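Peer 1: Quick mapping for you: the protein sequence lines, in order, are chains A and B. For what it's worth, the numbering used here labels the leading residue of the first sequence as 460, then goes sequentially. For what it's worth, the numbering used here labels the leading residue of the second sequence as 291, then goes sequentially.
Simulated from the structure, these hints should not be mistaken for laboratory data. The structure displayed is predicted, hence computed values, not measured ones. Nothing false has been slipped in among the hints.
Reference listing, derived: stretches of chain A covered by chain B, where coverage requires no fewer than 3 residues with Cβ under 8 Å from a Cβ of chain B: (1) 483-491; (2) 596-610; (3) 614-623; (4) 658-670; (5) 674-685.
Every beta carbon over 10 Å from chain B, so not counted as near; a handful from chain A, in silico: (6) P579; (7) D636; (8) D692; (9) S802.
Here a beta-carbon is modelled for each residue, glycine too, at the ideal position from N, C-alpha and C.
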Amino acid sequence: MHFIKFLNLALLVFFLSGAPGAAALTEEEKNNIDLYRRLAPGVVNITSTLLEHDFFFNVIPRKGSGSGSIIDSRGYILTNNHVIGDGKLEVTLAGGNKYMAKLIGSDPDTDLAVVKIEAPKESLSVIPMGDSADLKVGQKAMAIGNPFGLLGQTLTVGVVSSVGRTMRAENGTLLEDIIQTDASINPGNSGGPLIDSSGKLIGITTFIFSPTGASVGIGFAIPVNTAKRIVNDLIGKGYYSYPFLGAILINLSPDISEALRLPVKTGAMVTEVIQGSPADKAGLKGGNRRAQIGNNIVIVGGDVIVSVNRIQVQDADTAIREVRKLNPGDKVQLEVVRWDGTSETVTVTLGEKPRGAKVP
Amino acid sequence: MSQGPGIIVDRKRATMCLEFPSAARAFRRAVLALLVCILAAYSNASALTAEETATIAAYEKVAPSVVNITTQMCEAESFFFCATPSIKGSGSGVVLREDGLIITNSHVVSDAQNIWALLSDGRRLAARITASDANNDLAIIRVDPGNKPLKAIELGNSDGLRVGERVLAVGNPFGLGQTLTAGVVSMTDRSIKNDGKVLRHLIQTDAPINPGNSGGALINLDGELVGLCTAIISPTGSSVRLGFALPVNLIKAAAPGLMNSWPRNTGWVLAILLAVWLLRRIMESGARIMMGNN
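So here's chain B without its partners, still in its complex pose (with noise of 0.2 Å):
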């Protein structure tokens, strides 16, 4: 008997421990659940997204790699040997190394008479045409960087693209200064014909390419370069979102060669000499021959 009371007001006890102050507990825990709940709506109102902050840290990061390329050409009708270039053209690029190779659109920098670069640091340095490759639309281009060194970008993959992924743009859009504009994957693949020759394997994006953007960066999340933007189709010539950019998997297979140090003659030297030293030989042989048949 002295056991059933004890056990009774042993359990009184026991679901006084465990409902009362455990019904407080929770009470406090759900105030304080809302606390929190307020406290995330109202700092998720008052920071960025994680977007905009994975956004912010891409841009820059590859700012300083993409510069603004103005180039000045000659009049189709200049006479006196271009003594005035006069039109003016202007395209972005993207620094490959650090000792200032650069690569562009090559329909940016073909026909220029002077090339500069103009580097997000402010220096405005010359270029010159290192490579030029037409078909595919690539130039690489050599400015001086002197003793500071630019800040190459990183190279990203291209075959990992997916469409509905959000890319970005970093270019010099109508001249204006370095811009950044935002939008996604449209396609990939896609081949389209520009200017009589036909560019494979493109990306298509939506985010704004403009003239002047030509030659400038399309780039991840990650900050890392995945194509270089090159076309846009538009009946008014500005940008209704639908951009074209080269892969960068094309870039890094085609740049090593475009890159090579060679002077851009050199296979032709080779030829030629090769040519005369069988010229020799053959010249040789005949003599011994004719000798042969003295």
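Bound-form chain A, shown alone (with noise of 0.2 Å):
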């Protein structure tokens, strides 16, 4: 009797637990097959449509292609800044369904964009935002996107190869705490999203270091939590309003530092303040002249901001990021060494970063 209810227990247990099928997979590709079938489809197909006139006024649709993720069952899908271009959008549901996109907002200092498509609920599934605070290198990583642009859905999977990188996008913007993958990634991935084996976005898959063009095991995402940061925005009021200070800082290297004789080693060292910004509202100095330092040439004569906020800051990079972490309007408290080694407390009222601003 025993025996027999046991029996019924475990053939309850192996129905449960899947298809009969399944049990020749390991863990891994359950993980994947499960994920994918869960997520691929909340992943959308973006066609950006820019009609441009050639040399005998012909027109000529140029297309540019990319992925994105539906984050909102309203119909809100997020992606790359680079894939939206300036032109007509069209997005492709997983399912085949096409629909016309309308820009919401973009960023291009983080490279995200939010579009919006008018389709029924049930149409669309979403894919849930996760935490990319604490990644381990190590850990899983699937890229859904559409590669080429001309391939269809397809998932890649590798693993974080490195987290924490800041690096300087074209622009000359600060990109930080970026996740590096070796799961594939290719022209027409950009803005899809990077998910660990829990199924939660972690990334927004960006760019690749290739010098071919193609994946060489090297591609980069914006983490989620910065995403998370300013989705928001671009949804509330189309744009993400960043603090700014309104001066041009460089790194104050020990070097620079012992050819000038100032007081401290390392700082942000600003070269030039924008006139009527906070910055020159609270007194900072840009530089005023030119040294030779090596085989650079230098703007000297400017303040050196060792800490903000009594966070020391050892270079450019990092004093940005302090800033960042404040809101507009927010007070925020320098501490600068003067050209002429005294050191003083500024305390800058942050104002709202003007839209195309380079400046910090």
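Combine both chains into one complex, guided by the hints.
Peer 2: Shown next as structure tokens:
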């Protein structure tokens, strides 16, 4: 009797644990298949068509293609700013339905954008956002996207290769906490999701490092925590307001400091202050003369920021990062060393960064 | 007769005991099993898989033992004895001994004027070549770790590698900084021709290996060194997932000879001393013979 009941129970457990055919797959494979099945409907293909005129005024449509993730059942889709271009946007759902999309908001600094489609709720499958703060090198990273724009939906699997890289985008803006992965990422994957083994969005695949233009196993994604910070602003008002200091900073390295006989070894040196900016109003001073140090020409004579809100800064990137943590309107205390060697604490009321400004 | 009903009652009670409560128990067990199943599925979905845990542990174990190497070389037409070394190269290296012995590829450091090793704790130490074996593409460099010893890597056994086994490459591709890539052993015991030399008994892997990964570690999931990333086959110069690593058993065989602390020209000095000694003996004996003749 007991034996038969145990058998029943075992059978029950067996059937509950999945189809008998799945028993031959490894845990990894099951996980991959399960995640793809669950999340692929939430990944869309985005095509932007831009009408261009050639020399003879013939109209030539130029198409760009990328991917995106549905982040909200109202139809909001998260993608890369460089995917949307400035043409007409067409979104193809995983099921094949096409919708015209409206650009809701974009942020060139983080290369993120939100577009919206008017699709019935039941056809929209949302990709849940995870947490990119404690990612570990070696954990699984899956990318779903539309490589080269002509293949259709594609799953590639790899590991997290490194976390916390800081990189400069082509337009010079600072991209922080970049996730690197060896999952194959190719042109057309841009804007698509990077997913962890629990099926949560951890990044937005954005660019690759490659001498050939195609994947060499080095892909980069913007962390989802960056997206979480700005997405509500993008949906609400169409842009993200960065705090604005209005000063151009360079790294003060020990050798420059030595050459200039400054009392501090490292910090962020102000080379220029934008007129009328918060930094200008607070009395920060930019450089006023050129000096050749080694092989570089440096604009000297400005203040050196050594701490932001009592957090020591060794270089310009750290200073920018600390300021970026605040909101427009916040007061920030900067400890500066003046050109004459005196130390002073300056309080700056941060403004809102004008759109298109390249100065932090 | 009295026994009969008694037995019946007994049996009834027995069946009641056996069936109804046990059915309830079975039901409860089934519910429990269902819950366990759902929980298992759920926890499976929110935690890391076994392979991920193993990969993370292996990476964290070896990460301090893999260094980034940057080099400066002289330009070929450099006239004034390389006053400004300009061409920069990058590669990787693996710490063999705590006191600062690092193994890398000889092609990473062979032409270098200046060599630096960037440790994972952020220290940047000057290195110099201790030994170099161009035929096997191996080189040993030495840094002075001061009072903070390095962490030596654990050496595995490359003879036990099987095709299909998971391996991880840790290195510094394109000089980007420390990077983990994962793949499997594609083939063992491969021979390829590289720069006119034939490298034998290589491990082939599909873990992405790029320029700059050279001299980096290929490890197994136990965090043991099984190979030294050395070469790729590619029409483009960057990874098409055909990477090759020198097997660790070759390193084990070659390293003791490379690591000896004798100065590199000791052999020549000894040979010259021996030759001088022999010459003197010959001359002495010649003189003796001449004297004998007299």
